[in-house]
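Q: Sequence:
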Amino acid sequence: MHHKNILLISGTTRLHDRMRELSHAIDVSIALANEETFSQAVSSGHEFDLVILDADGMPQDTLNAVDSFVAENGFIPMLLVQDPDKLSTMRMPTQGKNDFILSTAGVDELEVRCSLLLWPGEESAPADIVTVDNMTINLATYQVYIDEKPVDLTLMEYSLLSFLATHPSRAYSRETLLHRVWGFEYCGGTRTVDVHIRRVRSKVGPQVAAHIVTIRGVGYLFRV
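Numbering (this note's numbering), first residue to last: 7 to 230.
By construction, these hints were calculated from the structure, which means they are not laboratory data. Some hints could be false.
Claimed, not checked - Computed list of lysine to aspartate or glutamate pairs in DMTMM-like fashion (alpha-carbon distance at most 20 Å, straight line):
hint: 1; residue 1: Lys10; residue 2: Glu117
hint: 2; residue 1: Lys209; residue 2: Glu163
hint: 3; residue 1: Lys10; residue 2: Glu181
hint: 4; residue 1: Lys103; residue 2: Glu78
hint: 5; residue 1: Lys10; residue 2: Asp55
hint: 6; residue 1: Lys103; residue 2: Glu117
hint: 7; residue 1: Lys92; residue 2: Glu78
hint: 8; residue 1: Lys10; residue 2: Glu53
hint: 9; residue 1: Lys92; residue 2: Asp62
hint: 10; residue 1: Lys209; residue 2: Asp139
hint: 11; residue 1: Lys155; residue 2: Asp134
hint: 12; residue 1: Lys10; residue 2: Asp114
hint: 13; residue 1: Lys103; residue 2: Asp55
hint: 14; residue 1: Lys209; residue 2: Glu154
hint: 15; residue 1: Lys103; residue 2: Asp73
hint: 16; residue 1: Lys209; residue 2: Asp153
hint: 17; residue 1: Lys10; residue 2: Asp105
hint: 18; residue 1: Lys10; residue 2: Asp139
hint: 19; residue 1: Lys10; residue 2: Glu27
hint: 20; residue 1: Lys10; residue 2: Asp23
hint: 21; residue 1: Lys10; residue 2: Asp33
hint: 22; residue 1: Lys103; residue 2: Asp153
hint: 23; residue 1: Lys10; residue 2: Asp134
hint: 24; residue 1: Lys103; residue 2: Glu115
hint: 25; residue 1: Lys155; residue 2: Asp139
hint: 26; residue 1: Lys92; residue 2: Asp153
Using the sequences and the accompanying hints, generate a full structural model.
A: Spelled out as structure tokens, the structure:
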């Protein structure tokens, strides 16, 4: 599964926690937009692989602009978010590959529906096991083993290690790691990346720690 970009268009923050969890569960980056920032988001130069539209309270001119943007870019797949009591009035796009989800759905269902739209045909057979020297990462169960013994990592330590290990031989800045690992709402400084790198290195042992390389003036790289 290759990295994908999602654009969430919503007039509220009700999906933000679930989207942050989604960015930890699957390999995606998430951009946020509302009726005021939509035009800026789509003119930023970023290419989006999926549009999630929460139309609750969204003015019709914004909805029309979203339809035009999706059509003009090859009918980007759309996931519509709808309240249960408004299902009878839901308007599904007639072209492109689209789906809908109830606003009450949990992050597990959100992950499944996004994966079906982002990686059609791949979602049932992900590469769940990553092996590097004496380390095994099970991406399906969020577990890490060194010499077949489980390693006690926090969720963020696991997320940082698994991200680097599944994106080897490429240097990532601390700012990029904050965005990709901690999520779009994280407001802390870049020093937290250094702290977590130190903790990960100490927990996985010197053999695996040697793969996590510090790139001076940039950030970190996982060398294979």
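Q: Hints first: check each against the structure and report whether it holds.
A: Outcome of the hint check:
Only pairs whose Cα atoms come within 20 Å are accepted, and Lys10 paired with Glu117 is accepted, the gap being roughly 13 Å. Taken as a hint, the Lys209 and Glu163 pair is honoured in the structure, with Cα atoms around 10 Å apart against an allowance of 20 Å. Distance check on the hinted pair: Lys10 and Glu181 sit about 18 Å apart at the alpha-carbon level, within 20 Å; holds. Restraint check for Lys103 and Glu78: the C-alpha separation of about 15 Å stays at or below 20 Å, so the hint holds.
For a cut-off of 20 Å, the pair hint linking Lys10 to Asp55 stands: about 6 Å separates their Cα positions. Under the criterion of a C-alpha separation no larger than 20 Å, the hint pairing Lys103 with Glu117 is consistent with the structure, at around 17 Å. The hinted pair formed by Lys92 and Glu78 fails the criterion: a straight-line CA distance of about 28 Å is larger than 20 Å. For the given pair, Lys10 sits about 9 Å from Glu53 by alpha-carbon distance, which is consistent with the 20 Å threshold.
Among the hinted pairs, Lys92 with Asp62 is consistent with the structure: their alpha-carbon atoms are about 10 Å apart, no more than 20 Å. A hinted pair counts as satisfied when its Cα atoms are at most 20 Å apart, and Lys209 with Asp139 qualifies at roughly 15 Å. Restraint check for Lys155 and Asp134: satisfied, since their Cα atoms lie roughly 18 Å apart, inside the 20 Å limit. Simply put, Lys10 and Asp114 have alpha-carbon atoms about 18 Å apart, close enough for the 20 Å limit, and the pair holds.
Between Lys103 and Asp55 the alpha-carbon distance is near 11 Å, which keeps this suggested pair within the 20 Å criterion. The straight-line distance between the Cα atoms of Lys209 and Glu154 is roughly 14 Å, inside the 20 Å bound, and the hint therefore holds. In summary, the hint linking Lys103 to Asp73 is supported, as the alpha carbons are separated by about 13 Å, within the 20 Å threshold. With a C-alpha separation of about 13 Å, the suggested pairing of Lys209 with Asp153 holds against the 20 Å cut-off.
The suggested pairing of Lys10 with Asp105 holds, with an alpha-carbon distance near 17 Å, which does not exceed 20 Å. Distance hint between Lys10 and Asp139 is unfulfilled; the C-alpha atoms sit about 28 Å from each other, more than 20 Å. Annotation: proposed proximity of Lys10 to Glu27 holds, straight-line Cα distance about 15 Å (limit 20 Å). Only pairs whose Cα atoms come within 20 Å are accepted, and Lys10 paired with Asp23 is accepted, the gap being roughly 19 Å.
In summary, the hint linking Lys10 to Asp33 is supported, as the alpha carbons are separated by about 7 Å, within the 20 Å threshold. Pair hint Lys103 plus Asp153 does not hold up; C-alpha atoms about 44 Å apart against a cutoff of 20 Å. At most 20 Å may separate the alpha-carbon atoms for a hinted pair to count; Lys10 and Asp134 meet this at roughly 18 Å. A hinted pair counts as satisfied when its Cα atoms are at most 20 Å apart, and Lys103 with Glu115 qualifies at roughly 18 Å.
A threshold of 20 Å between alpha carbons decides the hint, and for Lys155 with Asp139 the separation of about 14 Å falls inside it, so the pair holds. Under the criterion of a C-alpha separation no larger than 20 Å, the hint pairing Lys92 with Asp153 is inconsistent with the structure, at around 53 Å.
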